[in-house]
Amino acid sequence: MFDVVPYRPERKAQVAELHSYFWGDIAASAAYLEWKYERNPYLGESPIYLALHDGKPVGMRGMFGSMWEAGSSSQKLLGLHADDLVVAPEYRSRGVVANIMSAAFDDLREKGWEYVFSLSAGAVTRFSSLAMGWRNVGPVGELRRASRRVELLRRLHGTISGMRFFHRYAKDVQSLLGRHLQSDLRGRRTGAAIKVGARVSLWQEPRPEEMARLVERIPYDGRIRHVRDRAYFAWRFQNPVHKYWFLFWEEPDLEGYLVLQEYLPEAMDRSVTHIVDWEASDDRVRAGLLQAALRLGHFPDLRIWSATLPDKTKALLETTGFRSGGGGSGIADQQKYILVKPLQEGTPVKDCVFAGRRLLELSDWDVRMMYSMQG
Amino acid sequence: MNRSSPNPTLRGHLIGLIEENNPEVCAALRDDTSLIRSGLIDSMALFNLALWIEQETGSRLDLNTFDPSVEWNTIAGILDFIGRHRIRGFPG
Numbered sequence: 107m108f109d110v111v112p113y114r115p116e117r118k119a120q121v122a123e124l125h126s127y128f129w130g131d132i133a134a135s136a137a138y139l140e141w142k143y144e145r146n147p148y149l150g151e152s153p154i155y156l157a158l159h160d161g162k163p164v165g166m167r168g169m170f171g172s173m174w175e176a177g178s179s180s181q182k183l184l185g186l187h188a189d190d191l192v193v194a195p196e197y198r199s200r201g202v203v204a205n206i207m208s209a210a211f212d213d214l215r216e217k218g219w220e221y222v223f224s225l226s227a228g229a230v231t232r233f234s235s236l237a238m239g240w241r242n243v244g245p246v247g248e249l250r251r252a253s254r255r256v257e258l259l260r261r262l263h264g265t266i267s268g269m270r271f272f273h274r275y276a277k278d279v280q281s282l283l284g285r286h287l288q289s290d291l292r293g294r295r296t297g298a299a300i301k302v303g304a305r306v307s308l309w310q311e312p313r314p315e316e317m318a319r320l321v322e323r324i325p326y327d328g329r330i331r332h333v334r335d336r337a338y339f340a341w342r343f344q345n346p347v348h349k350y351w352f353l354f355w356e357e358p359d360l361e362g363y364l365v366l367q368e369y370l371p372e373a374m375d376r377s378v379t380h381i382v383d384w385e386a387s388d389d390r391v392r393a394g395l396l397q398a399a400l401r402l403g404h405f406p407d408l409r410i411w412s413a414t415l416p417d418k419t420k421a422l423l424e425t426t427g428f429r430s431g432g433g434g435s436g437i438a439d440q441q442k443y444i445l446v447k448p449l450q451e452g453t454p455v456k457d458c459v460f461a462g463r464r465l466l467e468l469s470d471w472d473v474r475m476m477y478s479m480q481g
Numbered sequence: 021m022n023r024s025s026p027n028p029t030l031r032g033h034l035i036g037l038i039e040e041n042n043p044e045v046c047a048a049l050r051d052d053t054s055l056i057r058s059g060l061i062d063s064m065a066l067f068n069l070a071l072w073i074e075q076e077t078g079s080r081l082d083l084n085t086f087d088p089s090v091e092w093n094t095i096a097g098i099l100d101f102i103g104r105h106r107i108r109g110f111p112g
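These protein sequence lines are chains U and S, in that order.
Residues are numbered in my numbering as their position in the first sequence, beginning at 1, plus a constant of 106.
Residues are numbered in my numbering as their position in the second sequence, beginning at 1, plus a constant of 20.
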């Protein structure tokens, strides 16, 4: 058994060190945790639970504040988003996760919280969560647009590596492949906006006020989604381990935006670019933004969540080369899933309703990668 | 496999897998010992167990169709689950 205690500021350095198992950089972990748990726009300080052994944190799970909305009158629900599950390697498979989660749920239940959400869990955490009573809403439907150049080089490398006379060239192909494993976005260093079309420009900073106004102006179908107000946009893109680029469509008011994201830490997959949010006042603007993004240059691996997109938007993605991620199926499926944990014991599925929308029904969600820390 | 007489080889493999992933739990393991709800098996050990069960049944498991905390909570429950889900003709 381990003692489970809430995070206190005097443990900041210890917790950053524990968290750095994610990407091997204590300073990056400290900045990330500070942004996510101390400057959250809805809770200010969000809870983190720590498992202690001999007074030292050996496991952690964070719960940052998230504000959801649904229904015709945009009813709001303040929930918690479970994330940052870390166990020090020498303490894994010793019940640390079960200890933390059980203590956290008891504490949150006592404090009156109704639901905890998870949109970022990998396969291991997802399965552990389901075994602890989380409900599976469904997969996020990740689509990928892989670069043909990269695919060809990968195939060529695989083929010649095993060939008798040609294997000596495998290193050259590998080096060529390495040069193609980063998008053309990463090289862009200018701080100023760049025109990429008659009405589209590329920015490196968000425009929270205008983005929020656009979201508010566009008709809303009432499905469950994260609140995207000025405060959320201003906070969300300050994630210190991600880099974001913003395509804005203006005529002259903002009529649409598309947000691209890549990881900064070397330990993370830096060949991937995500479309984390994409909003437009009509289909013409939506298509134009996607075309503008694809014209930005080379993307080795461009990804988007599609499970709750309208059919018309999915078709648009397909015609521009996006395909199902193919991350496997069953237990080891690599894509993210929406998970919900009702904190009141024995809550029947039919009672997991918010503003008339079913929390456990994927068709009642409008989910975007930005709501998850994957993006 | 017959539900009333669990396959002893499969049971041996299952205990071996639990031992391999978590040596500390094995001294007190019985067929009705709570594995998941008690927190004896979690995280990576649980995931490895899930992959093994998937392999033994010969099929991809749909996470929406069962509750692992109920159906896999004991050794007896896991063996029963495999027996019920194994694809007919799958050698296992």
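Keep in mind that the hints are not guaranteed to be accurate.
Label-pair distances were calculated between CB atoms; the ranges are [claimed, not checked]: (1) U:397 / S:85: 38 to 46 angstroms; (2) U:373 / S:39: 28 to 36 angstroms; (3) U:268 / S:79: 28 to 36 angstroms; (4) S:96 / U:426: 49 to 57 angstroms; (5) S:96 / U:272: 53 to 61 angstroms; (6) U:269 / S:39: 39 to 47 angstroms; (7) U:290 / S:79: 41 to 49 angstroms; (8) S:79 / U:426: 29 to 37 angstroms; (9) S:32 / U:456: 48 to 56 angstroms; (10) U:462 / S:29: 33 to 41 angstroms; (11) S:79 / U:429: 18 to 26 angstroms; (12) S:107 / U:311: 37 to 45 angstroms; (13) S:53 / U:195: 24 to 32 angstroms; (14) S:28 / U:438: 27 to 35 angstroms.
Stretch-level coverage of chain U by chain S, calculated; a stretch enters the list once three of its residues show a Cβ under 8 angstroms from a Cβ in chain S [said to hold, decoys possible]: (15) 196 to 210; (16) 472 to 480.
No lab work stands behind these hints: they were computed from the structure.
From the three backbone atoms N, C-alpha and C, an ideal C-beta is built for every residue, glycine too.
Hints and how they fare:
1. Checked against the hint of 38 to 46 angstroms, the C-beta distance between residue 397 of chain U and residue 85 of chain S comes to roughly 41 angstroms, which is consistent with it.
2. Range check, residue 373 of chain U to residue 39 of chain S: Cβ separation about 32 angstroms, and the 28 to 36 angstroms hint holds.
3. For the pair residue 268 of chain U and residue 79 of chain S, the beta carbons lie near 32 angstroms from each other, so the given range of 28 to 36 angstroms is met.
4. About 52 angstroms separates the C-beta atoms of residue 96 of chain S and residue 426 of chain U, a value consistent with the hinted range of 49 to 57 angstroms.
5. Between residue 96 of chain S and residue 272 of chain U the C-beta distance comes to about 55 angstroms, which sits within the given range of 53 to 61 angstroms.
6. Taking 39 to 47 angstroms as the suggested C-beta distance range, the pair residue 269 of chain U and residue 39 of chain S conforms, at roughly 43 angstroms.
7. A hinted range of 41 to 49 angstroms holds for the C-beta pair residue 290 of chain U and residue 79 of chain S, which are about 43 angstroms apart.
8. Distance hint for residue 79 of chain S and residue 426 of chain U: a CB-CB separation of about 35 angstroms, consistent with the stated range 29 to 37 angstroms.
9. The supplied range of 48 to 56 angstroms is broken by residue 32 of chain S and residue 456 of chain U, whose beta-carbon atoms lie about 43 angstroms from each other.
10. Between residue 462 of chain U and residue 29 of chain S the Cβ separation comes to about 53 angstroms, which falls outside the hinted range of 33 to 41 angstroms.
11. At roughly 25 angstroms, the beta-carbon separation of residue 79 of chain S and residue 429 of chain U lies within the given 18 to 26 angstroms, and the hint holds.
12. Between residue 107 of chain S and residue 311 of chain U the beta carbon distance is about 55 angstroms. The supplied range of 37 to 45 angstroms is therefore violated.
13. For residue 53 of chain S and residue 195 of chain U, the Cβ-Cβ distance of about 26 angstroms falls inside the hinted range of 24 to 32 angstroms, so the restraint holds.
14. Between residue 28 of chain S and residue 438 of chain U the C-beta distance comes to about 28 angstroms, which sits within the given range of 27 to 35 angstroms.
15. Here's how the region 196 to 210 of chain U fares: 9 of its residues keep a CB closer than 8 angstroms to some CB of chain S, so the rule of at least three is met and the hint holds.
16. A count of 0 residues in the region 472 to 480 of chain U with a Cβ less than 8 angstroms from any Cβ of chain S is obtained; the coverage claim is therefore unmet, three being the minimum.
When the structure is compared with the earlier hints, violations turn up for hints 9, 10, 12, 16 and for no others.
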